[in-house]
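Just so you know, the sequences run in chain order A and B.
Offset between the first sequence (1-based) and my numbering: plus 79.
Offset between the second sequence (1-based) and my numbering: plus 79.
Calculated directly from the structure, the hints in this document are not laboratory data.
Hints are supplied without guarantee of correctness; some may be wrong.
It does not matter which identical chain is used: a pair holds within one copy or between any two.
[Unchecked claim] Below, computed lysine-lysine pairings styled on DSS-like, alpha-carbon distance capped at 30 Å:
1) K367 - K121
2) K363 - K153
3) K153 - K373
4) K121 - K363
5) K373 - K121
6) K89 - K185
7) K256 - K373
8) K367 - K153
9) K182 - K367
10) K301 - K88
As the structure is a prediction and not an experimental result, all values here were calculated from the model.
Single-letter residue listing:
Number of protein chains: 2
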Amino acid sequence: MRFGFGLKKKDKTGARSGRVTTAHGEFTTPVFMPVGTRASVKGLTPEELKEIGVEIILANTYHLYLRPGHELVKNLGGLHGFMHWDGPVLTDSGGFQVFSLCKLRKITEEGVSFSSHLDGTRYMLTPENAVDIQEALGADIIMTLDECTPYPADHEYVKNSMELTHRWAKRCRDAKKDNGQALFGIIQGGMYRDLRKESARSIIEIGFDGYALGGLSVGEEKGLMQEMVASTVEYLPEDAPRYLMGVGTPEDLVFGVEMGVDMFDCVMPTRNARNGTLFTRQGKLVIKNAQYEKDPGPVEDGCGCYACRNYSRAYLRHLFMAGEILASRLNTVHNLYYYTALMKGMREAIAGERFAEFKREFYAARS
Amino acid sequence: MRFGFGLKKKDKTGARSGRVTTAHGEFTTPVFMPVGTRASVKGLTPEELKEIGVEIILANTYHLYLRPGHELVKNLGGLHGFMHWDGPVLTDSGGFQVFSLCKLRKITEEGVSFSSHLDGTRYMLTPENAVDIQEALGADIIMTLDECTPYPADHEYVKNSMELTHRWAKRCRDAKKDNGQALFGIIQGGMYRDLRKESARSIIEIGFDGYALGGLSVGEEKGLMQEMVASTVEYLPEDAPRYLMGVGTPEDLVFGVEMGVDMFDCVMPTRNARNGTLFTRQGKLVIKNAQYEKDPGPVEDGCGCYACRNYSRAYLRHLFMAGEILASRLNTVHNLYYYTALMKGMREAIAGERFAEFKREFYAARS
Numbered sequence: 080m081r082f083g084f085g086l087k088k089k090d091k092t093g094a095r096s097g098r099v100t101t102a103h104g105e106f107t108t109p110v111f112m113p114v115g116t117r118a119s120v121k122g123l124t125p126e127e128l129k130e131i132g133v134e135i136i137l138a139n140t141y142h143l144y145l146r147p148g149h150e151l152v153k154n155l156g157g158l159h160g161f162m163h164w165d166g167p168v169l170t171d172s173g174g175f176q177v178f179s180l181c182k183l184r185k186i187t188e189e190g191v192s193f194s195s196h197l198d199g200t201r202y203m204l205t206p207e208n209a210v211d212i213q214e215a216l217g218a219d220i221i222m223t224l225d226e227c228t229p230y231p232a233d234h235e236y237v238k239n240s241m242e243l244t245h246r247w248a249k250r251c252r253d254a255k256k257d258n259g260q261a262l263f264g265i266i267q268g269g270m271y272r273d274l275r276k277e278s279a280r281s282i283i284e285i286g287f288d289g290y291a292l293g294g295l296s297v298g299e300e301k302g303l304m305q306e307m308v309a310s311t312v313e314y315l316p317e318d319a320p321r322y323l324m325g326v327g328t329p330e331d332l333v334f335g336v337e338m339g340v341d342m343f344d345c346v347m348p349t350r351n352a353r354n355g356t357l358f359t360r361q362g363k364l365v366i367k368n369a370q371y372e373k374d375p376g377p378v379e380d381g382c383g384c385y386a387c388r389n390y391s392r393a394y395l396r397h398l399f400m401a402g403e404i405l406a407s408r409l410n411t412v413h414n415l416y417y418y419t420a421l422m423k424g425m426r427e428a429i430a431g432e433r434f435a436e437f438k439r440e441f442y443a444a445r446s
Numbered sequence: 080m081r082f083g084f085g086l087k088k089k090d091k092t093g094a095r096s097g098r099v100t101t102a103h104g105e106f107t108t109p110v111f112m113p114v115g116t117r118a119s120v121k122g123l124t125p126e127e128l129k130e131i132g133v134e135i136i137l138a139n140t141y142h143l144y145l146r147p148g149h150e151l152v153k154n155l156g157g158l159h160g161f162m163h164w165d166g167p168v169l170t171d172s173g174g175f176q177v178f179s180l181c182k183l184r185k186i187t188e189e190g191v192s193f194s195s196h197l198d199g200t201r202y203m204l205t206p207e208n209a210v211d212i213q214e215a216l217g218a219d220i221i222m223t224l225d226e227c228t229p230y231p232a233d234h235e236y237v238k239n240s241m242e243l244t245h246r247w248a249k250r251c252r253d254a255k256k257d258n259g260q261a262l263f264g265i266i267q268g269g270m271y272r273d274l275r276k277e278s279a280r281s282i283i284e285i286g287f288d289g290y291a292l293g294g295l296s297v298g299e300e301k302g303l304m305q306e307m308v309a310s311t312v313e314y315l316p317e318d319a320p321r322y323l324m325g326v327g328t329p330e331d332l333v334f335g336v337e338m339g340v341d342m343f344d345c346v347m348p349t350r351n352a353r354n355g356t357l358f359t360r361q362g363k364l365v366i367k368n369a370q371y372e373k374d375p376g377p378v379e380d381g382c383g384c385y386a387c388r389n390y391s392r393a394y395l396r397h398l399f400m401a402g403e404i405l406a407s408r409l410n411t412v413h414n415l416y417y418y419t420a421l422m423k424g425m426r427e428a429i430a431g432e433r434f435a436e437f438k439r440e441f442y443a444a445r446s
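Could you put together the complete structure from these sequences and hints?
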């Protein structure tokens, strides 16, 4: 099946719902993609992800390139065969990790060279090999290599960085084989509205299967992030999916969807789960708190997840305090269920043209 | 349902098979009990344990007494309700952990006082409160408090220690309520045949629902352990279950079953799994070894476990090298499946009166 996107419904707020077709099945948007950094959504099996309602996952090119290596993954059936997940997968280009994890980073026109955070080995990512690596990994949606502009940075620096990202995007487009994988372009431009606009136009001009907003949620104030999303989305074509990279909190997702964003990913639900912070409709719950020591109730009343159906807050607190592996696992099940249910709720609200009402109820529940 | 044991079949070798009835269902013997130290078999859910074929699990009184506390567990439905496991559970008395984990241990006629390995708090275990704690935890089978005699130790020391264990056993029997829980007595006597015999007779004279062999696999040579098992089992009644505590390797299980032992527990399959050592019919497999880096085959050909049905050695090695939580989990699934299948194979061999043949094949496969 070739990649495709069909816009199904637009709510009067700007929120929209659609359906994406990939070589490994379809998913509905707006969608949240759990992060499976090293070809594993930490602690969970693919069967559990499906039971939770997950339709697409993300894996990190940088980590898999370093270990176990993209050729090994390719020879074991690509990411799908390797990790036993037969649904859609998206891989990032590795660019963000190089900029956030690596030392001795050197950016040239050619690409970015860096030392592995594992053992210091020197590697180089170029637009061409970022595409090659992602082709070997076999994801359904792959991303262009970009420079994730640091924040804060002055206008000139951001403009130069953005222009390099544009040249790299073009090289990714040229390197891309016609193999059924979709390639998404990434819009940069830092926290400057004029550059975001320029970047959107340049990336759209090159032409991609989808458009991502990169370089956000990197330390800027929430209002600034929202301004950048709002002012970029307006330039994006209606007929391609829009992906807000690395975002975010439940509030960020509600905001992003209202702005017309279709796809999101973030380590927050999985990482917070391992740290014992659980998401509920009423807000966050820190399971180690003494108030839950003897609490026989579920994490969230009315939640349909496996953890809430079968375990008390007291048991989950006990597991967490004891450092039991099952704590990470049950907490992750709950948080991903929460995120997945939140997206489903938004899709249904869009279908019913009542997104504004959904948003009011979302905020009312947590006040 | 009250506790009961029915011997179903005796093989000509001495191996035997039976059925134990408890307040939370039945299990067939010989059986291996996975260890769920802190009310969790590390990394797995009760549903997975059942899918693997596990019929009874063990939990540790010592750990649960210290954290989260037996009263808390009782108020949350006992171990069954707390950890969402509705099958049979056995708890030990805590004695072994006090002797292996605790400092500032002081043994008196009254009981044993010790400092918690968690925070140094002083506690005291007596025969009476060991029973009370296990009643609160609500296991189907509970154990008497014993002194786990150190090894090596001279005859006089072991004799005195054993006699204390007998007096404590009697006090446990007297403290035990008629509440449907079964109480097993523990035979000590170190590595002395005469003392093992004396201990068996004394414990049987007090009278219990089952008889356990304690103080073995504590550093002695394999042959000595085997001699002690063989020379103790001959004094045990036919109509009560026999439990070899804390044992052991697959070879130990085959030996024990041949001697007529019915129940076993050991952390080996679960702990080794987390350390990346996997049990197979052909012997142990250390998943981090470079030879498995690109190996597309399952851990064990023909194994029916979830891990072997869905993942390659290469993927399991990748997960292990990356320190992924899923590595512990999939490895544990495999090892418990191996142990459970081994016991099932032995039960079937006993039913067919071909245990000697089973044993030959067991050793032939690993040579």
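Okay, the hints, checked on the actual structure:
no., hint, in the structure
1, K367 - K121, "both (20 Å within a copy, 19 Å between copies)"
2, K363 - K153, "between (40 Å within a copy, 28 Å between copies)"
3, K153 - K373, "between (49 Å within a copy, 11 Å between copies)"
4, K121 - K363, "both (20 Å within a copy, 26 Å between copies)"
5, K373 - K121, "both (28 Å within a copy, 22 Å between copies)"
6, K89 - K185, "neither (44 Å within a copy, 74 Å between copies)"
7, K256 - K373, "between (58 Å within a copy, 26 Å between copies)"
8, K367 - K153, "between (42 Å within a copy, 20 Å between copies)"
9, K182 - K367, "between (35 Å within a copy, 28 Å between copies)"
10, K301 - K88, "within (28 Å within a copy, 71 Å between copies)"
Violated hint for the displayed structure: number 6, the only one.
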